[in-house]
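There are 2 protein chains.
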Amino acid sequence: MDLPDSGVQSLRASSSSEEICSEDSLSGHVVNHITFEHDGTLKGLFCQMDVLRTYGGDLVWKEMTRWVKFEEVLEEGGKRWSKPHVSSLSMAAFMELTELLSTCPILLDVECNGMVDVADRVLDSWISEGNVKSLIGNQIRTILLKKHKHPYGRSNASSKEHRKKMNSSTDGTVIPKSISFTMNGVYNDGFELNDNRPEIPSYLHSSPSTQSLSLSNKTNTRFLRKIPSGAEVANLMVGEMEELPRRIAVFVRLKEARNVGDITEVKLCTRFLFILLGPKNHLASCVAAARCMGALLTDEIFMAVVYRAKSRRDILTGVEEFSKHMTALPPGYWDPQTRLEPPEHIPSQEHRKNPPSSPDDQVLHTTDEIHESHDDPTLQLTGRLFGGLINDIKRKLPWYKSDITDALHIQCVASFMYLFLATLTPNVTFGGLLGDATDKYMGTMECIMAAAITGVIYALFSGQPLNILGSTGPMLVLEQILYRFCKDYGWDFMPFRMLIGLWTTLFLLLVVAFDLSALVKFITRFTEECFACLIAIIFIYEAFAKVADIQNFAPVHYFPPKNLSQCTCVLPFLTNTSNENFTHTAAVFKIIFANNETAETEIYNNSTANSLLSNLGVEACTALGGISVGDACADLKYVPDVFFFSWLLFFGTFVLAMSLEKFRSSLFFPTFIRQNVSDFAVLISIVVMVVLDAITGIPTPKLSVPTEFKPTRPDRGWIINPISDKNPWWLYLLSALPALLATILIFMDQQITAVIVNRKEHKLNKGSGYHLDMLIVAILVGLLSLLGLPWYVAATVTALAHVMSLKKESETAAPGEKPVFLGAREQRITALMVGIFSGLAVLITSVLRYIPMPVLYGVFLYMGIAALGGMQLVQRILLFFMPLKYQPDYVFLRHVPLRRVHLYTAIQIVCLILLWVVKSVKVISIAFPIMVLATVFIRKALDWVFTQRELQWLDHILPSLRKPETKAEHTDKLESGVEKHPTESNKF
Amino acid sequence: MDLPDSGVQSLRASSSSEEICSEDSLSGHVVNHITFEHDGTLKGLFCQMDVLRTYGGDLVWKEMTRWVKFEEVLEEGGKRWSKPHVSSLSMAAFMELTELLSTCPILLDVECNGMVDVADRVLDSWISEGNVKSLIGNQIRTILLKKHKHPYGRSNASSKEHRKKMNSSTDGTVIPKSISFTMNGVYNDGFELNDNRPEIPSYLHSSPSTQSLSLSNKTNTRFLRKIPSGAEVANLMVGEMEELPRRIAVFVRLKEARNVGDITEVKLCTRFLFILLGPKNHLASCVAAARCMGALLTDEIFMAVVYRAKSRRDILTGVEEFSKHMTALPPGYWDPQTRLEPPEHIPSQEHRKNPPSSPDDQVLHTTDEIHESHDDPTLQLTGRLFGGLINDIKRKLPWYKSDITDALHIQCVASFMYLFLATLTPNVTFGGLLGDATDKYMGTMECIMAAAITGVIYALFSGQPLNILGSTGPMLVLEQILYRFCKDYGWDFMPFRMLIGLWTTLFLLLVVAFDLSALVKFITRFTEECFACLIAIIFIYEAFAKVADIQNFAPVHYFPPKNLSQCTCVLPFLTNTSNENFTHTAAVFKIIFANNETAETEIYNNSTANSLLSNLGVEACTALGGISVGDACADLKYVPDVFFFSWLLFFGTFVLAMSLEKFRSSLFFPTFIRQNVSDFAVLISIVVMVVLDAITGIPTPKLSVPTEFKPTRPDRGWIINPISDKNPWWLYLLSALPALLATILIFMDQQITAVIVNRKEHKLNKGSGYHLDMLIVAILVGLLSLLGLPWYVAATVTALAHVMSLKKESETAAPGEKPVFLGAREQRITALMVGIFSGLAVLITSVLRYIPMPVLYGVFLYMGIAALGGMQLVQRILLFFMPLKYQPDYVFLRHVPLRRVHLYTAIQIVCLILLWVVKSVKVISIAFPIMVLATVFIRKALDWVFTQRELQWLDHILPSLRKPETKAEHTDKLESGVEKHPTESNKF
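As they're listed, the protein sequences go chains A and B. Under numbering that gives the first Met the number 0, the first residue of the first sequence is numbered 0, with each subsequent residue one higher. Under numbering that gives the first Met the number 0, the first residue of the second sequence is numbered 0, with each subsequent residue one higher.
Keep in mind that the hints were calculated from the coordinates and are not lab data. Treat the hints with care, as some may be off.
Just so you know, same-sequence chains aren't split out, so a pair can sit in one copy or run between any two.
What the hints assert, rightly or not - Listed below are the simulated DSBU-like cross-link pairs for lysine-lysine, each with C-alpha atoms no more than 35 angstroms apart in a straight line:
(1) K921 x K520
(2) K918 x K352
(3) K520 x K725
(4) K279 x K520
(5) K918 x K393
(6) K709 x K266
(7) K439 x K759
(8) K806 x K279
(9) K918 x K661
(10) K939 x K393
(11) K486 x K806
(12) K709 x K545
(13) K807 x K225
(14) K352 x K709
(15) K225 x K884
(16) K939 x K78
(17) K661 x K939
(18) K352 x K807
(19) K884 x K352
(20) K709 x K225
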């Protein structure tokens with residue numbers, strides 16, 4: 000930096016060594032003893048500004064403003080601190096302060112025993128520099144020793160006490176009872192320096208460290224916790240005195256931080272004092288100048304300067320350096336009274352500590368960092384057999400203990416219960432589907448067993464225990480196809496399936512052996528988003544579809560279904576068609592079409608009994624003592640209220656869970672309550688809705704879990720014999736073919752989910768373990784095949800829900816500092832408990848059967864929506880509907896033209912649609928894993944459509960052969976899409 | 000202001016007269032001809048910064064930043080402007096700019112024909128001041144004449160054209176094809192001034208006003224609309240040249256604004272040019288300095304200075320004045336790259352135009368204004384008979400024409416349809432209740448008639464046609480009591496009621512005659528809020544209660560009601576108790592308890608036919624051909640699905656209306672669409688839900704309006720005869736007593752609603768008409784009594800919904816300026832149409848009967864919630880649940896201690912509860928109007944509990960005998976509770 004004077008040079012020198020350049024020493028108080036922390040970390044300053052006010056007939060120093068990092072102002076009434084805000088400084092006041100500091104006495108390394116000493120030293124310097132005449136010197140001294148009042152003190156009690164004290168002490172002293180402030184500015188210029196000071200009241204002479212200058216002797220211990228430990232205090236004192244002709248100021252640095260008297264709100268030692276007294280009607284401008292001093296002293300760099308300063312010049316250099324880096328807002332379009340919210344992240348001050356050499360660098364220092372390339376050191380080919388696996392184990396082993404201890408948090412309980420219910424439901428529903436597909440060779444019980452076994456083993460041994468294994472749609476399709484094959488060719492399904500499983504295990508072990516998981520680095524955000532978005536949409540779609548399906552189980556049935564003619568009611572007593580009996584039938588009919596006038600009218604007009612009977616529902620027919628005959632009769636049972644009540648439960652659960660989750664950032668109730676309510680959001684919603692369901696007693700469909708540990712189909716055991724007479728020998732080899740498909744499927748499902756969970760934005764610090772994960776999955780596939788259970792792989796939405804339910808935020812430190820997302824509670828216990836309880840679910844069916852299915856579908860909807868939430872793809876899709884001027888300040892929009900962004904989004908949407916189609920159309924759904932794989936190649940092809948720079952902003956750069964460079968930690972803000980602090984792009 | 004130099008003095012002088020103090024004239028270009036607007040309103044400057052960039056192999060001036068009021072930056076990619084933001088200036092850059100301006104040539108009032116002239120003049124000045132050597136002078140000249148490129152130009156086409164042009168033109172000129180920028184900074188210092196300039200290419204010599212310096216000859220006409228008409232342009236040009244040893248700059252003011260060549264994005268004339276060229280690697284810092292210039296030139300005050308400046312000194316004075324008023328943000332806690340959102344209101348610059356004399360005033364200028372007292376000139380006692388009324392008419396008459404023409408807006412259509420449906424429902428439901436209370440002397444038809452008559456007359460003649468008259472609860476109570484009296488004493492109800500009506504009219508006319516409406520000024524925010532909050536809560540409560548009531552009409556009936564024993568089923572065929580018949584009964588029973596297992600089991604265990612029969616519902620019994628006997632039978636009809644579906648409709652309507660209303664401030668779709676969707680929010684919700692209801696066909700209760708214009712009770716006509724034989728003569732006098740009560744009721748209801756509608760925050764500018772309103776109400780009461788219709792007065796929630804549905808917002812002008820709430824569309828047409836259509840509703844019952852009641856209850860819920868929304872009372876109640884540090888920056892919290900605020904809120908809550916109790920308990924509900932009146936006295940009593948200052952912040956000050964002073968227009972921000980720009984309280 001090419002500064003006109005060598006100011007910052009001295010700063011730079013001082014930060015690298017203990018040598019401080021100070022050619023001149025105006026103050027004459029420079030000493031070498033500096034207690035500045037040598038490890039380079041400043042402990043911080045608590046800065047307190049007291050203003051001279053009239054209180055209870057006397058003058059007191061009243062604390063009006065304070066800084067830990069941000070500024071807090073005492074609101075009118077004196078009982079309430081404002082919200083912490085960024086100090087908005089008036090430039091005029093800042094200039095005044097600079098002027099004051101360049102003329103006022105600067106007392107460095109003063110040794111003192113208390114405020115009395117300080118006042119004497121200050122007065123001496125003022126008098127010696129001719130700022131103050133001796134006559135008012137005494138008055139000033141008295142004022143400087145006035146008591147200090149903090150808003151948190153027991154003001155009433157102590158002020159009485161204080162008044163009593165004052166009365167008793169002044170009896171014997173020379174201090175006037177009340178200093179005349181009504182002299183109307185008459186100032187005798189002729190008075191000269193006069194050293195006969197008035198006597199000091201004894202209570203001010205008492206041991207300086209314990210003397211009570213404050214009105215309250217209770218310090219604010221609660222607030223003390225907000226101040227970094229080891230911090231010292233800078234006391235600013237501002238007042239007005241009619242007798243003064245002009246402003247006088249002094250800056251004092253004590254040799255050692257000490258309690259100079261009870262002048263500070265908190266029990267910390269004072270290091271700096273800045274005293275500014277102005278003439279009448281100058282108080283507001285003095286306060287403004289002192290505020291600038293407060294902002295200066297809480298600045299990290301200026302703090303370092305002022306701790307080391309050997310002279311006025313050093314301090315002025317610091318002020319100048321500070322002012323150069325200030326941000327100025329034009330007066331015409333910014334109200335200076337606006338209280339600015341503290342920023343999300345406190346900006347780094349590195350560029351100030353190490354000033355750049357070229358003037359342009361100075362401006363450019365905060366240019367947007369480009370994405371770091373998508374390289375993970377664990378995803379390198381090691382070139383050794385099981386090299387990656389060994390590295391994974393070596394890396395994960397040291398974390399193992401903390402993987403257990405880190406679970407000691409109430410949040411983990413919430414997470415476990417949420418995940419338990421969230422995974423149990425798919426097990427049950429998937430079990431039903433699987434049972435249908437395989438003639439109950441594998442059903443709900445098998446799914447529950449699989450969930451328990453995989454859950455426990457994966458939680459205990461995997462590389463990334465935040466992953467939750469589950470059943471997936473494509474897997475179901477595979478099983479269906481296999482079973483159909485077996486049926487068609489008369490093979491034994493379970494042994495065949497077991498062979499495939501063993502082959503798959505073998506293939507997966509090969510993947511582990513040759514570090515093929517390293518290929519994961521080709522799975523970029525493009526593929527991740529397509530896949531995760533698809534899964535989330537499926538979740539949402541399924542949630543709605545399942546609730547709509549309730550109509551099949553409990554038809555609303557308010558009008559006759561079209562195919563009712565296929566179900567006729569045969570009534571025994573209709574043989575004698577008397578008039579009485581007809582009324583009978585019509586009346587029953589009326590129940591069914593309850594209050595539907597049209598239907599009712601129809602009956603009496605069209606009085607043919609047969610047509611009526613064919614329109615009757617099954618239950619109505621039974622009610623009449625008749626028998627329903629026909630194919631369609633199964634569809635005609637009539638359950639009122641269930642369907643609509645299910646929708647109420649469904650939406651209720653979703654809305655409640657969403658609202659409670661957002662409660663975390665609401666303004667009501669203390670953090671502790673909000674935190675817990677938010678953590679338990681899903682659980683609370685489920686409980687509320689279960690209670691509502693129980694109260695109304697509507698027979699909604701409930702979660703039904705098998706009650707006994709036994710295979711769904713009685714003719715199979717828990718262990719499968721791979722040898723079957725029905726299966727020809729070549730099937731042992733042929734089964735390698737479907738195993739290949741299964742391998743691709745498992746690999747893609749497992750690793751994409753792992754990539755998503757391990758994303759930078761989740762801030763996991765225990766590292767990934769792709770190779771180890773794969774090994775465990777391989778072993779599990781073998782085990783599950785042996786036991787004849789469905790294969791489970793990482794389930795994207797559940798895993799994401801798991802990570803989200805475990806997120807940690809920092810506790811706020813200084814008032815105004817924003818809590819920072821710290822990552823997730825990475826541990827194995829929640830996953831382990833989910834696994835164990837998935838199995839134990841069989842034992843607690845009596846509890847579980849109170850849970851209505853629509854409530855669980857509501858949870859699915861919530862999970863799906865939550866998973867979609869943070870996705871950049873969704874943000875980009877929404878951009879289509881936003882007029883240009885409303886578009887948020889996404890960082891990629893600053894760098895990539897909108898049309899290119901739209902093109903990229905459109906390509907992703909096409910991929911998504913293709914995936915959806917492939918997944919949905921039964922015939923080709925087996926190709927789904929290959930289609931997912933294809934997105935990786937589509938992404939590769941995009942290299943031809945987009946520039947590398949554009950792709951850097953929209954996606955990652957695909958790895959090449961070049962050695963990746965390590966980049967700065969700038970990605971998390973890029974990943975999250977919107978920058979909290981939009982940085983201006985410097986394109987020059 | 001006591002500035003060190005006389006800087007601002009000159010500014011002050013220049014803003015008051017045309018005399019400009021300029022002792023020195025460094026530039027020598029000062030002329031007296033200044034085209035500054037003499038009416039004092041500056042037309043504004045459009046400021047455009049072009050940066051020298053390489054484009055298509057050549058250099059061009061590319062527009063990178065622009066200012067109308069706020070700054071917009073061209074994002075990377077060059078296709079997209081950033082969001083408008085407040086220019087955050089680097090102080091270092093600002094200092095550099097100041098330095099540049101104090102040394103660089105300042106060319107004032109240059110006469111020129113185009114960019115060529117300007118370039119020559121600029122070069123001359125640089126060369127004559129020794130900034131530039133002649134050798135590179137030519138290069139600089141070439142660069143200055145490079146084409147300009149704007150992002151909105153047809154860049155591709157024109158760049159090709161440009162390149163072709165360049166190639167052809169350079170053939171015959173001396174300009175080097177490409178200026179060497181690879182000279183690596185070799186600069187021959189020995190070269191001397193050399194005047195033989197290269198020839199100018201012919202295309203640059205063409206008529207300056209039409210020459211095409213820009214790459215695109217299409218200007219941005221769309222953007223032009225955002226710039227105030229009459230604005231001129233300041234062109235900033237920044238570039239770097241390797242050959243330059245240091246920065247060179249020039250500031251040019253043209254004598255007359257003119258098109259100097261196609262260098263500006265919009266077709267406006269250039270007045271100022273600021274050119275800044277730096278050496279290599281200085282571009283970013285040069286751009287930063289030029290940005291400061293841009294911010295300066297868009298500042299209102301600096302603009303005035305620079306238009307009038309006669310010398311460099313004037314400009315530097317302006318810069319200094321600007322810098323003094325800048326807000327500085329500390330570097331440690333503020334990221335300078337943050338783009339600050341434009342503030343809600345652009346701060347007033349009055350304090351800069353008229354600098355205060357004392358230094359403290361300077362700091363204090365934005366202290367919070369205190370509430371203005373609650374005085375309305377129309378609420379003064381005139382002392383003449385009908386004085387207030389005459390004033391009202393005089394004031395309202397001139398608006399009458401605009402009251403009709405202002406209705407020409409689509410929003411009014413939305414408002415009318417919303418209000419029509421919102422008022423029709425209470426008419427119908429209130430009519431039902433009234434019919435019950437008066438043995439159908441007055442029913443739904445009478446209510447509809449009353450609504451139509453009052454609607455039309457009030458809309459046409461009232462003082463505040465935004466008020467909507469409606470039926471109120473206390474009125475119903477009054478009618479009930481009167482009718483009971485008449486029944487007990489054998490009097491004729493309708494004639495008696497008519498007498499009371501006539502007395503009431505008389506009393507109300509007295510109120511009008513003696514300007515008693517002036518007492519309204521004692522109704523402060525305290526009473527308003529208690530009343531309005533109560534009414535809103537009643538709305539919300541009633542909405543829920545009514546939906547819950549649907550269960551009575553359509554019981555869910557999934558378990559046997561307790562009192563079923565009071566309804567037994569007598570079955571004719573159960574006399575022969577054969578086994579078949581028993582099964583029969585049990586089966587029917589099964590219908591009723593559809594799928595409820597518990598109930599089913601019970602049947603077979605407890606097989607007594609009688610107990611079964613007593614548990615049968617009416618419909619089931621009828622279905623069996625039996626007859627239900629007992630008192631409770633009426634309660635036992637069974638309608639499935641309706642109840643839960645009603646809740647779905649109810650919540651659906653509410654959520655949809657809420658979301659659509661909020662759609663106004665969403666980021667999607669253009670303003671026009673959002674505006675209309677938001678205006679029609681309620682209507683769209685109703686239509687969607689009606690369609691949903693129609694599709695499902697569930698027999699939900701529908702809106703049922705009488706189909707014929709005839710009195711509900713056939714034995715009464717449309718005109719009431721006041722003389723009845725049954726009524727004794729003294730009843731004619733006695734009726735004055737209930738009339739007094741009715742008068743209080745009508746007065747309070749009517750005027751509180753009027754006060755709420757006329758609130759300052761609604762920004763109505765056609766004024767109130769309390770006296771006129773009262774006159775119309777008095778006449779209406781008479782008329783309604785004569786016709787035997789219920790009395791209608793202003794309905795709070797409906798009136799508020801009316802005002803809200805008509806709110807206007809300003810269209811945004813400069814990019815980044817926030818739309819301002821401008822008030823409501825004050826007109827009579829919507830209210831008139833609501834009145835007319837209320838009557839016509841009888842004719843369109845075929846349409847109206849498709850509307851399910853739960854949908855309308857949803858609308859009520861929406862109206863209630865919306866009415867609660869803006870209430871300070873609600874804000875204060877929420878404060879109870881907010882930890883101190885999360886409490887919003889409400890202005891009253893800055894001035895009143897929290898404990899006092901809580902006390903005040905608690906008192907209001909007690910009042911609210913009292914009102915609720917009085918209203919709800921039948922016996923005392925007649926005292927409701929008196930209780931409302933009581934809140935006025937409670938408020939008066941608060942003068943003893945709270946200080947006047949506290950009450951000023953929490954409420955209004957009650958009027959006293961003192962003459963009210965007129966205060967500044969600062970209340971709207973106070974009224975709204977939260978200040979958009981929290982101003983710092985200066986308590987010194």
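So, going through the hints one by one against the coordinates:
1. K921 x K520: For K921 and K520, the Cα distance is within 35 angstroms only inside one copy (31 angstroms; across copies 75 angstroms).
2. K918 x K352: neither (56 angstroms within a copy, 70 angstroms between copies)
3. K520 x K725: Classified as neither: same-chain Cα gap 44 angstroms, cross-chain 98 angstroms, threshold 35 angstroms.
4. K279 x K520: neither (71 angstroms within a copy, 41 angstroms between copies)
5. K918 x K393: neither (39 angstroms within a copy, 75 angstroms between copies)
6. K709 x K266: neither (68 angstroms within a copy, 84 angstroms between copies)
7. K439 x K759: neither (43 angstroms within a copy, 73 angstroms between copies)
8. K806 x K279: Result: close neither inside a copy nor across copies, 56 angstroms intra and 49 angstroms inter.
9. K918 x K661: within (33 angstroms within a copy, 37 angstroms between copies)
10. K939 x K393: Within one copy only: 33 angstroms inside a chain, 78 angstroms across chains, cut-off 35 angstroms.
11. K486 x K806: neither (48 angstroms within a copy, 71 angstroms between copies)
12. K709 x K545: within (27 angstroms within a copy, 52 angstroms between copies)
13. K807 x K225: within (20 angstroms within a copy, 46 angstroms between copies)
14. K352 x K709: Result: close neither inside a copy nor across copies, 70 angstroms intra and 89 angstroms inter.
15. K225 x K884: Close across copies (13 angstroms), not inside one copy (41 angstroms); limit 35 angstroms.
16. K939 x K78: This pair counts as between: shortest inter-copy Cα distance 26 angstroms, intra-copy 63 angstroms.
17. K661 x K939: Result: close neither inside a copy nor across copies, 39 angstroms intra and 42 angstroms inter.
18. K352 x K807: within (31 angstroms within a copy, 52 angstroms between copies)
19. K884 x K352: For K884 and K352, only the inter-copy Cα distance (34 angstroms) is at most 35 angstroms; the intra-copy one is 38 angstroms.
20. K709 x K225: Classified as neither: same-chain Cα gap 58 angstroms, cross-chain 75 angstroms, threshold 35 angstroms.
Hints 2, 3, 4, 5, 6, 7, 8, 11, 14, 17, 20, counting from the list given before, are not met by this structure.
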